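Engineer: Residue-level listing of the chains:
Number of protein chains: 2
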Amino acid sequence: METSPFVLGDDTLDVLFREARSVNAFSDEPVSAEQVREVFELVKLGPTMMNIQPMRLLLVEQGEGRDRLVPHMAEGNRTKAQTAPLVAVVAADTDFHTSMDVHFPHKPGIGDMFAGDDANRYEVARYNTALQTGYFIIGIRAAGLHAGPVGGFDAAGIDGEFFGGTTWRTQLVINIGHPGENPWFDRLPRISADDAVRTV
Amino acid sequence: METSPFVLGDDTLDVLFREARSVNAFSDEPVSAEQVREVFELVKLGPTMMNIQPMRLLLVEQGEGRDRLVPHMAEGNRTKAQTAPLVAVVAADTDFHTSMDVHFPHKPGIGDMFAGDDANRYEVARYNTALQTGYFIIGIRAAGLHAGPVGGFDAAGIDGEFFGGTTWRTQLVINIGHPGENPWFDRLPRISADDAVRTV
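The listed protein sequences derive, respectively, from chains A and B.
Per the numbering used here, the first sequence starts with residue 1, numbered consecutively.
Per the numbering used here, the second sequence starts with residue 1, numbered consecutively.
Simulated from the structure, these hints should not be mistaken for laboratory data.
Keep in mind the model is a prediction, meaning the values are calculated, not measured.
You may find that some hints are simply not true.
Cβ pair distances, simulated, as ranges [as the list claims (entries may be wrong)]:
1. B:Asp118 <-> A:Ala115: 25 to 33 Å
2. A:Glu75 <-> B:Arg187: 22 to 30 Å
3. B:Asp28 <-> A:Asp11: 30 to 38 Å
4. B:Gly165 <-> A:Glu123: 21 to 29 Å
5. A:Val7 <-> B:Asn182: 21 to 29 Å
Note that CB positions come from ideal geometry on N, CA and C, so glycine has one too.
With the rest of the complex left out, here is chain A (with noise of 0.2 Å):
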């Protein structure tokens, strides 16, 4: 018997990793946004730079946010942004800096550092959002749901939708649910590791 590298289970890999699939149809069940609060509560533990942690999350139900957020979708992504029980829309919080002080209270004044330059925070506010984002792509796996993330939409239009006098910029569209009929293509091939890892 072959040992295995890893201190969780098959299964456990099987519903995070090997099994899970990016969903594009999605079944009748319902999914809360308290169940995907309970999924922040959990990834929101996951490193940061700083601990700035800037993931924000819109969470949009069917109905009248649902109404406003998919013409803002690109066209072949209506659908399954109209039919997921659930829809995260993942922002950026982009004045992270402004309470360094609660989550970084040992570096009074860190924020400063900040301050000046708002490219630069951005990217970093989208770099450390990115890196939330794949905590929290499988902490839904971890709640037993399926997440479908979707990169194609216009931003500035979510933005202006429900981000008006925010600090909040539209990163990612995840939709969430349990997998319907024909959820998913063929699995896509991956690189190897001999080409993707190399030891120095």
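Chain B: place on chain A using the hints.
Structural biologist: Showing chain B alone in chain A's frame:
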């Protein structure tokens, strides 16, 4: 008894998020490059935009390679980087578009859309590498290892030292090992879902 919102047990969630911490001091227990290659083989299954999977890893063992890396770390990060059993330099391959015919085979030639604009291609590589870095940190923990991501380093210096003549660009450095003495600080405060999650 309260029902858990997760399909994975508390022990698993502890390993991945709740008790996992960024480690700053390591025990002597070794970590092999092969262990981290196995982590890569798992986490490469996570989703990226159009399956571009741009994350690359340079695994730096103790010895000559490590001695070349450490001077490019910020002074406060050198001891950790010197003593960690293994260090992973996470890089983004800015030439991901040249293999899209392999990884996204149902859309021949789609990589051409990224050929003209180097700045955009870098941005796409960086964003998706950050997403994969989130998966990677979770995968390290799933292998019973501990990750210490550090952002303080001279990226251009590391690129010049290790990635000359390649299209790999340094994004993050992650020390990997097992906790030693006083391995971590107190957990820093996290944002509340009331501030970070909204519903419409």
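Engineer: Give me the numbers of the hints this structure contradicts, sorted from smallest to largest.
Structural biologist: Violated hint (a single one): 2; every other hint is consistent with the structure.
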